[in-house]
Amino acid sequence: MPSADLSLHQLGCAGCGALNAPAARFCAQCGVSQRGRACGRCQAALAADARFCPNCGTQAG
1 MPSADLSLHQ
11 LGCAGCGALN
21 APAARFCAQC
31 GVSQRGRACG
41 RCQAALAADA
51 RFCPNCGTQA
61 G
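For the sequence shown, the UniProt record's numbering begins at 1 and goes up steadily by one.
Note that these hints are calculated values from the structure, not bench results.
C-beta atoms are modelled at their ideal positions from N, C-alpha and C, and glycine is treated no differently.
One or more hints might be untrue.
[Stated by the list, open to error] Now the in silico label distances, taken between C-beta atoms and shown as ranges: (1) 57 - 29: 16 to 24 Å; (2) 54 - 12: 18 to 26 Å; (3) 21 - 61: 28 to 36 Å; (4) 52 - 9: 30 to 38 Å; (5) 22 - 55: 27 to 35 Å; (6) 22 - 43: 31 to 39 Å; (7) 36 - 9: 15 to 23 Å; (8) 54 - 11: 26 to 34 Å; (9) 47 - 10: 27 to 35 Å; (10) 31 - 57: 18 to 26 Å; (11) 9 - 57: 15 to 23 Å; (12) 9 - 41: 12 to 20 Å.
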């Protein structure tokens, strides 16, 4: 039976790049929150360095 590639079910940390489980709230290696930021208007995901929402254009604050 072939072994499953666990990296297919993990997400890279925005802080350090370490792989974490999709349900992880914090990175196991550096402790950075894995939930990220969300737009206050439309709740779209925002990059850590985003100044504006890529979905609706609202200024990130």
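Here is how each hint holds up against the structure:
The supplied range of 16 to 24 Å is broken by residue 57 and residue 29, whose beta-carbon atoms lie about 34 Å from each other. Residue 54 and residue 12 have their C-beta atoms about 19 Å apart, which keeps the hinted 18 to 26 Å range intact. In this structure, residue 21 and residue 61 meet the distance hint of 28 to 36 Å, their C-beta atoms being roughly 30 Å apart. Taking the beta carbon of each, residue 52 and residue 9 are about 32 Å apart, inside 30 to 38 Å as hinted.
A hinted range of 27 to 35 Å for the beta carbons of residue 22 and residue 55 is inconsistent with their spacing of about 21 Å. A C-beta distance of roughly 18 Å is found between residue 22 and residue 43, which places it outside the suggested range of 31 to 39 Å. Checked against the hint of 15 to 23 Å, the pair residue 36 and residue 9 passes, with Cβ atoms roughly 19 Å apart. Against the hinted window of 26 to 34 Å, the Cβ-Cβ separation of residue 54 and residue 11 comes to about 19 Å, which falls outside the hint.
A beta carbon spacing of about 20 Å between residue 47 and residue 10 contradicts the range 27 to 35 Å that was offered as a hint. Distance hint check for residue 31 and residue 57: the Cβ-Cβ separation is about 32 Å, which falls outside the suggested range of 18 to 26 Å. Between residue 9 and residue 57 the CB atoms are about 33 Å apart, so this pair departs from the stated range of 15 to 23 Å. Remark: the range hint 12 to 20 Å for residue 9 to residue 41 is contradicted by a beta-carbon distance near 32 Å.
In terms of the numbered hints stated before, the structure departs from hints 1, 5, 6, 8, 9, 10, 11, 12, listed from lowest to highest.
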